[in-house]
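For chain A, the structure is supplied; the task is to place chains B, C and D on it using the hints.
Residue numbers (our numbering), protein chains in the order written: chain A, 1 to 341; chain B, 1 to 341; chain C, 1 to 341; chain D, 1 to 341.
Cut-off 30 Å, straight-line C-alpha distance, at most; resulting in silico cross-link-like pairs (DSBU-like, lysine-lysine):
1. A:Lys108 <-> C:Lys108
2. D:Lys15 <-> C:Lys15
3. C:Lys192 <-> C:Lys108
4. A:Lys274 <-> A:Lys108
5. A:Lys108 <-> A:Lys259
6. C:Lys333 <-> C:Lys259
7. B:Lys108 <-> D:Lys108
8. A:Lys15 <-> B:Lys15
9. A:Lys259 <-> A:Lys274
10. D:Lys192 <-> D:Lys108
11. B:Lys108 <-> B:Lys259
12. A:Lys259 <-> A:Lys15
For the record, the hints were derived by calculation from the structure and aren't laboratory data.
4 protein chains.
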Amino acid sequence: MIRLSCDYHEGCHPKVMERLVATNMEQTVGYGMDPYCREAAEAIRTAFDCPDAAVHFLVGGTQANTTVIASALRPYEGVLCAHTGHINTHETGAIESSGHKCLTLPGKDGRITASQVSVASALQADDEHTVRPGMVYISLSTELGTVYNLSQLMDLHYTCRQHGMYLFIDGARLGYALAAPTGDLTPADIAKYCDVFTVGGTKVGALFGEAVVIVNPELSSRFRYMIKQRGGLLAKGRLLGVQFSALMEDGLYFEIGRKAVEQAMRIRTALLDKGIPLLVDSPTNQLFPIFSDEQAEALEEDFDLSFFERMDESHAALRVCTSWATPDEYVDKFIEAIQNL
Amino acid sequence: MIRLSCDYHEGCHPKVMERLVATNMEQTVGYGMDPYCREAAEAIRTAFDCPDAAVHFLVGGTQANTTVIASALRPYEGVLCAHTGHINTHETGAIESSGHKCLTLPGKDGRITASQVSVASALQADDEHTVRPGMVYISLSTELGTVYNLSQLMDLHYTCRQHGMYLFIDGARLGYALAAPTGDLTPADIAKYCDVFTVGGTKVGALFGEAVVIVNPELSSRFRYMIKQRGGLLAKGRLLGVQFSALMEDGLYFEIGRKAVEQAMRIRTALLDKGIPLLVDSPTNQLFPIFSDEQAEALEEDFDLSFFERMDESHAALRVCTSWATPDEYVDKFIEAIQNL
Amino acid sequence: MIRLSCDYHEGCHPKVMERLVATNMEQTVGYGMDPYCREAAEAIRTAFDCPDAAVHFLVGGTQANTTVIASALRPYEGVLCAHTGHINTHETGAIESSGHKCLTLPGKDGRITASQVSVASALQADDEHTVRPGMVYISLSTELGTVYNLSQLMDLHYTCRQHGMYLFIDGARLGYALAAPTGDLTPADIAKYCDVFTVGGTKVGALFGEAVVIVNPELSSRFRYMIKQRGGLLAKGRLLGVQFSALMEDGLYFEIGRKAVEQAMRIRTALLDKGIPLLVDSPTNQLFPIFSDEQAEALEEDFDLSFFERMDESHAALRVCTSWATPDEYVDKFIEAIQNL
Amino acid sequence: MIRLSCDYHEGCHPKVMERLVATNMEQTVGYGMDPYCREAAEAIRTAFDCPDAAVHFLVGGTQANTTVIASALRPYEGVLCAHTGHINTHETGAIESSGHKCLTLPGKDGRITASQVSVASALQADDEHTVRPGMVYISLSTELGTVYNLSQLMDLHYTCRQHGMYLFIDGARLGYALAAPTGDLTPADIAKYCDVFTVGGTKVGALFGEAVVIVNPELSSRFRYMIKQRGGLLAKGRLLGVQFSALMEDGLYFEIGRKAVEQAMRIRTALLDKGIPLLVDSPTNQLFPIFSDEQAEALEEDFDLSFFERMDESHAALRVCTSWATPDEYVDKFIEAIQNL
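The shape of chain A in the complex, shown without the other chains (with noise of 0.2 Å):
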């Protein structure tokens, strides 16, 4: 059985699992103030070009989403985000927990735009019946393998700004997301143009863990209690030093994004050319086929893939995953399934 249901079936990239090897019986000071954690961050300052921001790291994304905007966000104001959005919809109500609302735009591709977020902000007008909006969430990539392009971005930014609004980027999947080939974002846009985003760690290349930047200062103070409370202070926390330093060193991160990327791409091809629809025409890791249930069926006795959304009694989309752990060897078995349908 080959998966591609997602992207985080294997351990870590052999060059991370080598660092921790290496370091294992090192004595270091606990929850993340060691020189492995200095160095991750300071090498992920210089990959995004963002000198002064503040660089923490956490183990999981619904830990880090929840403890963004728990810190973020006064008791009433709530998040604006895409219904589709993954702290709308599968994190188990981790947002509500910590007492904020999520709130819903509609949006076909996982995506929002700014003039939704400027309706959603005007529409509230400062009143206390309602709840405030205080930070806009994108995922990028999105739950739907689409990313925003720079006027976009920029377009989110200065409306967040004008509406005293935090904008939130989770990169749970940025490595796969700088590398779509319809794309034009940089690393340093990124932390331009909001003011906090996460780098995923988990889907692209360690065992777990995401970072979190700050470059908005007004985020940064006592980040730190935030994590903790919130159970994210990892005791053993080179642990996430010592992974992330070694995805950032030679380029490693970006370098497995653009491979899984290019991967998927050709399985888009092979589909395209079969002629089965896509749900959405994503540039990353992550493709939505339209499969008949009879096609599906045929592919899952040699493959696992997820199943995204029912489209009529008979078909479905599924979604099928490339991540840096994919072999070309999967892919050609994979383009090969799908043309013998």
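Only chains B, C and D this time, still in chain A's reference frame:
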């Protein structure tokens, strides 16, 4: 510099690392539904003789404590604990952030008694103006290195039953507690005389990880929802299964606990021989010698110890920890240093 | 200026005030343990034919809703409701501040259907990554003045049972809902086909006060703790008992509801006669006529109405409310003004 | 049966009721935006000499305390208070339910000192593993009837400033505190030496109501959102304005406070004359005599008193309260009963 200030300076036991390396590129399903987690859960149920317990794996201790407590209590309930309890002192109010009050009981050496619990519960007496004690939290070993004996644990267990409260054992250092030379608790006793307990990996041989063992089925309903909501559901959950499998194999977990406690006892003897008083006489891997400031300064040239509490103008209690990773050589050197004071 | 913009412009019904004055200097115990509260609870049990229900009195609606929902749900559970539901739109995220997500269902006229609930519940299907729907919230009458009929309520009730959810009826305007000329619900139906409901006093004759009637005994355990914790346990609780006693006496509550709805229906007829369209055709005390901006301006010279929703560049839906306190003379004048448009 | 067990047995002062009756059928806008609330706010600003303070009206004390504290603190901050503080003992964990820890300080007579606050703050010393003290809460008068004098209040104020904490005075019984014969605080001192305080109506002449007076503008941002979210925004908000207007008129609030304290002092003299010891020597309307069980039994034939604390096998401290509503005749009878013991 030799670090003896805590029990999480190093990575993980070589046998654990070996297993992580061996399984690194395997593909498994995520979120703890993989065969390694099943295997590790089974091994824990066997080791603690609780064949029907539900076993879940979380990354860290604060996370595990908050998830267990928030899952067990109704909104108006609080948790009785020693004022020195980890949840009360060193979790940045994580329990309170989940809405529940720590109801503290004074305790000289980190332990609380069944009669304290009984009195606290009686005082509350169904008065809706006060927080209802819904759970008792004890740590084993405690934050002061002490352990409960079997009759103390049984008393707490029966008192909790009588007053409609759950008993929760925080076993962040369970491997060391069970190795106390003065102790009489077996793993099976732990499971038998509480409602839920944790088996700490972070401080006892793992890179990270706490197993939550739910003995009382009342507490197991939809516990995975709680883990996910509180950010504790590791995407690559098998990392926890792999580690705990390795730790449980051939009793490694208990063996490394014993070794560390033996080392601590050697240090204890050296301290007593030298006439150094102890804040509490701990039978586990944490010792609390009271040094003069001069002595402390001398030791800290070569050893990293942990400040615990100032006693008077010229004396302070420090914490000295051994762990699964402490080489005998470090212990020898430290004993020599004590003798030379 | 005649105010018809909401149903809480005045103080309380003269008979309620009379009773407050008469009992003012009596000494009673506090916190709702007094004879007046007992008497009022009994009167409500009788009026709604639910002899075993637990009845509690709270001051306000947001408070009552949050207390009921936070008491009923487990931390990972949310509450299904119309996207127009009061808890979703006009309580500043109070439900979320208690940790629970509002799971919204689209609804044209303020109502939701059993089949919507059924689908939403099936989609969740025991997936710990998503919020579990634990309760359905409906308002009666709804925020758009509509009411459920008996078969709709029964369908919701059975669907909730089937999916292990509670059904909660927010009766802030229950007195008006039960007077709907097109309705077929009796007070006894309300109690029979839900798990918990409120009887709103604030908008129906009292100075303030909402009675929470818990029909399902699963929901009544230690509810007073919840009230106290959420700031709803009025020190001089008898003020609520005195008011609800007065309202329940000789069916005053239902009588003043009927009167207000009759007045609204007179206005409705005048609007339809004049050819003014209605956003929804409400059978209760709130009407939602769509006026041209010119018409609205003319009316607002003498009448305070409430803006509801812009329809197009030159039309908006306004809300017109009658209440227990509306003099016939106000209604006559408003009808005259409509006719003169 | 004469009730002297608390200060909220009766309704409201006749002048307050008169005003409620007189305005009952007036139409005003809701939620505290009416002229009566404006008038009352202005009267409070004048009485306490704080012309720039923001004044808000809430229904009850637990609600006011939770709203103030939850509004002022960041998620990881807690509130320092006496272990006897109302927020710590008699609010069913309302503060914790909003996510914040009560950091208790021992206090013999209900008061805490600036040096206790200073030490507690220094111990925390920017350690992200512990709760940061962000506010100091004192009650005035305290739960034991005692009051702070000017120099104590000033010390607390400056200590809070120094450590970056807010000072919050819970004035549920402020009217009685200001009347303490041994006290030297003026209303203006209250406003001058804290960041936020409440003026309690419930226990001092109103049916219900606490005025929150925010002196430090840092705390006033969007406070109405907080009130609404926590269920404290009364629909017919003018009821609070009307009552506080009546209470502030011609100093009625202070006058009825003085009267009740004079009555209490007469009882105190009688107790001392009879040789009855006092748990604390309170200079306000709450007294805490220690009676033998025999004496208590004798008194409780005619008087409802409140059990406070068992002293030994045959003695207990009871609470005796006077209030704005206590007739002199009750005091006479109680003194006579004491003399006859």
